[in-house]
Amino acid sequence: PRPFHTAFFLLRPFPLQFAVPHQLSPFEILARPEIVMEYRCKVLDYALLRGVYLFSFRDTPLRSLYRLYETTCAAEHGEMMLEAAYFWRHQDWRIEDIPDPHDSDPLRYAIIASLVEELV
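Numbered according to mature numbering (1 follows the signal peptide of the UniProt record, and there is no 0), the sequence shown spans residues -19 to -1, 1 to 101.
Where hints are given, some of them may not hold.
[Said to hold, decoys possible] Pair ranges (Cβ atoms, derived): (1) E99 / C22: 22 to 30 angstroms; (2) L35 / Q72: 17 to 25 angstroms; (3) L11 / Y34: 19 to 27 angstroms; (4) S85 / S37: 24 to 32 angstroms; (5) F(-2) / Y90: 14 to 22 angstroms.
Simulated from the structure, these hints should not be mistaken for lab results. Owing to the predicted nature of the structure, the values given are computational and were not obtained by experimental measurement. The C-beta atom is built at its ideal place from N, Cα and C for all residues, glycine as well.
Hey, can you work out the whole structure from these sequences and the hints?
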């Protein structure tokens, strides 16, 4: 992991809520599923960040859904379970309050919609 990068990521004051990062298409993830875990473990250590209050405070339900989308496409069942549990730990995240992502990729948009439906 990159500790200074992670610290800067957490302590940068603006925006208060983290934006959704650029997302790979489902076909890109299916072609190379290890790319998801490389990013999740090497660039930002999500296993560690899930337990950090500052990250949890600034995270959004939409970002969590996109992380769930990535792990679903990569068939990373352990990470999928951890991300779903992280989502439900946020008692202030209500399904009906999740904003429409207006995703430009229709397949990714459909997968996100299906994940929201499954969370209900």
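For the range 19 to 27 angstroms, tell me whether the beta carbons of L11 and Y34 fit it or not.
-> violated, 35 angstroms
Has the hinted range 22 to 30 angstroms been met by the Cβ atoms of E99 and C22?
-> holds, 25 angstroms
Could you see if the CB distance from F(-2) to Y90 stays within 14 to 22 angstroms?
-> holds, 20 angstroms
Outcome of range test on Cβ distance (L35, Q72; 17 to 25 angstroms) = For L35 and Q72 the Cβ distance comes to about 18 angstroms; the hint holds.
Whether the CB-CB distance between S85 and S37 falls inside 24 to 32 angstroms | holds, 28 angstroms
In this structure, the one hint that does not hold is number 3.
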